[in-house]
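Position chain X relative to chain H; hints supplied.
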Amino acid sequence: MTAVLESAAPTSASSSPTPSSQLQPVAALAHITKRYANGVLALDDISLSLHPGEIVALLGPNGAGKSTAVKLLMGLSVPTMGSVRIFAADPRLTATRLRTGVMLQVGRAPEMLRVREHINIFRGYYPNPMPYADILRAAQLDGIEDRMFGQLSGGQKQRTLFALALAGDPDLLFLDEPTVGLDIESRRGMWAQIRSLAARGKTVLLTTHYLEEADALAHRIVVINKGRVVCEGTPGEVKSLGYASTTRASGITASRTLKIIHCSTTLPAATILAIPGVTTADTLGATTTIQTTQPEQTLRELLALDATLSALEVSSPALEDAFLALTSSQPS
Amino acid sequence: MSTTAITLPTAQPGTLTRTLRILFTEMRFEVIRALRTRAFSLSAIGFPVMFYCLFGLIMNRNENISAGVSVAKYLLGGYAVFGSLGAAIFGIGIGVAMDRSAGWLELKQASPMPPLAYVLAKCVMAVVFSLIIVSILTLLGIAFGHVSITFPEFAHIALFAAAGAVPFSCLGLAMAFLAPPASAGGIANLIYLPMSFLSGLWVPIRFLPHILQTIAPIFPTYHLAQLMYAALGAPSLGSILSHWISLLGFTLIMLGVTWLAFRHLEQNS
Numbered sequence: 001m002t003a004v005l006e007s008a009a010p011t012s013a014s015s016s017p018t019p020s021s022q023l024q025p026v027a028a029l030a031h032i033t034k035r036y037a038n039g040v041l042a043l044d045d046i047s048l049s050l051h052p053g054e055i056v057a058l059l060g061p062n063g064a065g066k067s068t069a070v071k072l073l074m075g076l077s078v079p080t081m082g083s084v085r086i087f088a089a090d091p092r093l094t095a096t097r098l099r100t101g102v103m104l105q106v107g108r109a110p111e112m113l114r115v116r117e118h119i120n121i122f123r124g125y126y127p128n129p130m131p132y133a134d135i136l137r138a139a140q141l142d143g144i145e146d147r148m149f150g151q152l153s154g155g156q157k158q159r160t161l162f163a164l165a166l167a168g169d170p171d172l173l174f175l176d177e178p179t180v181g182l183d184i185e186s187r188r189g190m191w192a193q194i195r196s197l198a199a200r201g202k203t204v205l206l207t208t209h210y211l212e213e214a215d216a217l218a219h220r221i222v223v224i225n226k227g228r229v230v231c232e233g234t235p236g237e238v239k240s241l242g243y244a245s246t247t248r249a250s251g252i253t254a255s256r257t258l259k260i261i262h263c264s265t266t267l268p269a270a271t272i273l274a275i276p277g278v279t280t281a282d283t284l285g286a287t288t289t290i291q292t293t294q295p296e297q298t299l300r301e302l303l304a305l306d307a308t309l310s311a312l313e314v315s316s317p318a319l320e321d322a323f324l325a326l327t328s329s330q331p332s
Numbered sequence: 333m334s335t336t337a338i339t340l341p342t343a344q345p346g347t348l349t350r351t352l353r354i355l356f357t358e359m360r361f362e363v364i365r366a367l368r369t370r371a372f373s374l375s376a377i378g379f380p381v382m383f384y385c386l387f388g389l390i391m392n393r394n395e396n397i398s399a400g401v402s403v404a405k406y407l408l409g410g411y412a413v414f415g416s417l418g419a420a421i422f423g424i425g426i427g428v429a430m431d432r433s434a435g436w437l438e439l440k441q442a443s444p445m446p447p448l449a450y451v452l453a454k455c456v457m458a459v460v461f462s463l464i465i466v467s468i469l470t471l472l473g474i475a476f477g478h479v480s481i482t483f484p485e486f487a488h489i490a491l492f493a494a495a496g497a498v499p500f501s502c503l504g505l506a507m508a509f510l511a512p513p514a515s516a517g518g519i520a521n522l523i524y525l526p527m528s529f530l531s532g533l534w535v536p537i538r539f540l541p542h543i544l545q546t547i548a549p550i551f552p553t554y555h556l557a558q559l560m561y562a563a564l565g566a567p568s569l570g571s572i573l574s575h576w577i578s579l580l581g582f583t584l585i586m587l588g589v590t591w592l593a594f595r596h597l598e599q600n601s
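Note that the protein sequences, when read in sequence, are chains H and X.
Going by our numbering, the letters in the first sequence line up with residues 1 to 332, in that order.
Going by our numbering, the letters in the second sequence line up with residues 333 to 601, in that order.
Isolated chain H, as found in the complex (with noise of 0.2 Å):
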């Protein structure tokens, strides 16, 4: 069987695998190039990795890949080019199915039928499946179990899917948009819920389109854009680079603990540049922006600089901020 790379590690294809890539991944995409039969390229020469335990969010805009890479690694569709593995086996495979719950933009599943019915219908897909009173739980379906599928809110027919996606108690979920229409309360509760199925050792792939959400509850982020891997890593290594590469420089993607400095300063910029780690500072109006890489630093020597600075704000990055550099400064 061929080992699958990390696209991170590219250069180690022929020696020992790197630590992260020395647990036997849960799933896993090599090379996969994805070609429409209208000659639509979705994914181009993509690579991806799930890892026991880890909650990975896959973030892009509309069109970006997102959903053709979860429907490979369901077994929807096939690869152009390329391996698809799940538990080391093929998708399709009923066996592998068993390990893997799902929970999709439905936009209608049958009406008429009751919350409980759906739930014990996919329950009895799998021989070993969640206790129906943990499902209802985890999924807050408590009281509105008898209700018609038809009859509930958005927030509730979102839970239920949620619900059908645990019924098999699988090692792997792909969540695709979970929290679509959710309330708040029942945002933060599902969040809970995914956050302690990793606990006990599930891997979660979600895409989302709350950055928030990604921030919050993913390990590793994955930015995909135009069918390729724009960048990967956790919250804030992905913050740190989308901010630093909506600079000029380009020679300073390695950083890592990127922060933004706001204040009100008399220091003229070049003076600002010439401090160890700053990277851009930006003037307008009275407030002077400020790049570093290095922020304990700088702020040491910005304040011994003058005096009369004020208003001072240090801040990570957005990763709202950093999604919008990732996808919009590829070249097409």
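Hints listed in this document are in silico derivations from the structure and should not be mistaken for laboratory results.
It should be emphasised that the depicted structure is a prediction, and the values quoted were computed from it without experimental measurement.
Where a beta carbon is used, it is the ideal one built from N, C-alpha and C, also for glycine.
Please note: incorrect hints may appear among the correct ones.
Label-pair distances were calculated between CB atoms; the ranges are [stated by the list, open to error]: (1) X/522 / H/216: 49 to 55 Å; (2) X/591 / H/142: 40 to 46 Å; (3) H/33 / X/353: 36 to 42 Å; (4) H/142 / X/526: 47 to 53 Å; (5) X/349 / H/212: 45 to 51 Å; (6) X/526 / H/153: 37 to 43 Å.
Chain X regions said to be covered by chain H (calculated; three or more residues, Cβ under 8 Å) [claimed, not checked]: (7) 351-364; (8) 401-415; (9) 464-478; (10) 594-600.
Same frame as chain H, now just chain X:
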């Protein structure tokens, strides 16, 4: 027996039992779902019943189509076919198209449910509705149309109605995967009504223009109707065997079309 070979847990003895249980559950809930969906169940049953009452029981009263067979008895066969066709076209043609467009079909595909369970459940739903419709029509005929029907005759037309639901279900499946889901409703009506008329379910085929009589055998409804008429002792065309072969051929063609359409969709999704 080697002891090392027992480590693979894939072929458990319970696999077949579980598959059968899944199959049974899918069928049961598909029928329950369809019966609960009033918009479907009332119209699927209501249309043939209404038409039969109008053309078989109110109009053409006490008229005979041939010696010993009243119009009310003759039309029982045609409207039983009409009922089976409606249940399959609307239940499956539109039902599956909606499941497809809503993403529900993909969720089912991604689950460990055997795909055949989904198809068979839909088919069984159409069979159950066909049996309900033929039973109601027969009771109405006996009660209000002075239809004299023996139990073997009823058993035959009920069996044919149920069997006919299979090719019609396959037609529904082909439709669901070929037609864009948004236009499924319109296409269903375009098939349902003209096909019923052209194959002589409403008006005996010999009263139709000659050209229409010659093209009627391309429709599966024509063949099923002839089987019904023969079972009811009414005049019918063609041989029993040729009708069964035609229905089987139609079923296989529709399954082939469905398979091709499904493959095409899979390539493009």
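So, going through the hints one by one against the coordinates:
1. Between residue 522 of chain X and residue 216 of chain H the Cβ separation comes to about 51 Å, which falls inside the hinted range of 49 to 55 Å.
2. In this structure the hint that residue 591 of chain X and residue 142 of chain H lie 40 to 46 Å apart at CB holds, the actual value being about 43 Å.
3. Our hint of 36 to 42 Å for residue 33 of chain H and residue 353 of chain X holds, since their Cβ atoms are close to 40 Å apart.
4. Taking the beta carbon of each, residue 142 of chain H and residue 526 of chain X are about 51 Å apart, inside 47 to 53 Å as hinted.
5. Range check, residue 349 of chain X to residue 212 of chain H: Cβ separation about 46 Å, and the 45 to 51 Å hint holds.
6. Checked against the given bound of 37 to 43 Å, the beta carbons of residue 526 of chain X and residue 153 of chain H, roughly 42 Å apart, stay inside it.
7. With 6 residues carrying a beta carbon less than 8 Å from a beta carbon of chain H, the segment 351-364 of chain X meets the three-residue requirement, and the given coverage holds.
8. Beta-carbon proximity to chain H at under 8 Å applies to 0 residues in the segment 401-415 of chain X; the threshold of 3 is not reached and the given coverage is violated.
9. With a cut-off of 8 Å between beta carbons, the segment 464-478 of chain X has 0 residues touching chain H; three or more are needed, and the interface restraint is violated.
10. Using a Cβ-Cβ cut-off of 8 Å, 4 residues of the segment 594-600 of chain X lie near chain H, which meets the minimum of three, so the contact claim holds.
Checked against the numbered hints above, the structure violates hints 8, 9; every other hint is satisfied.
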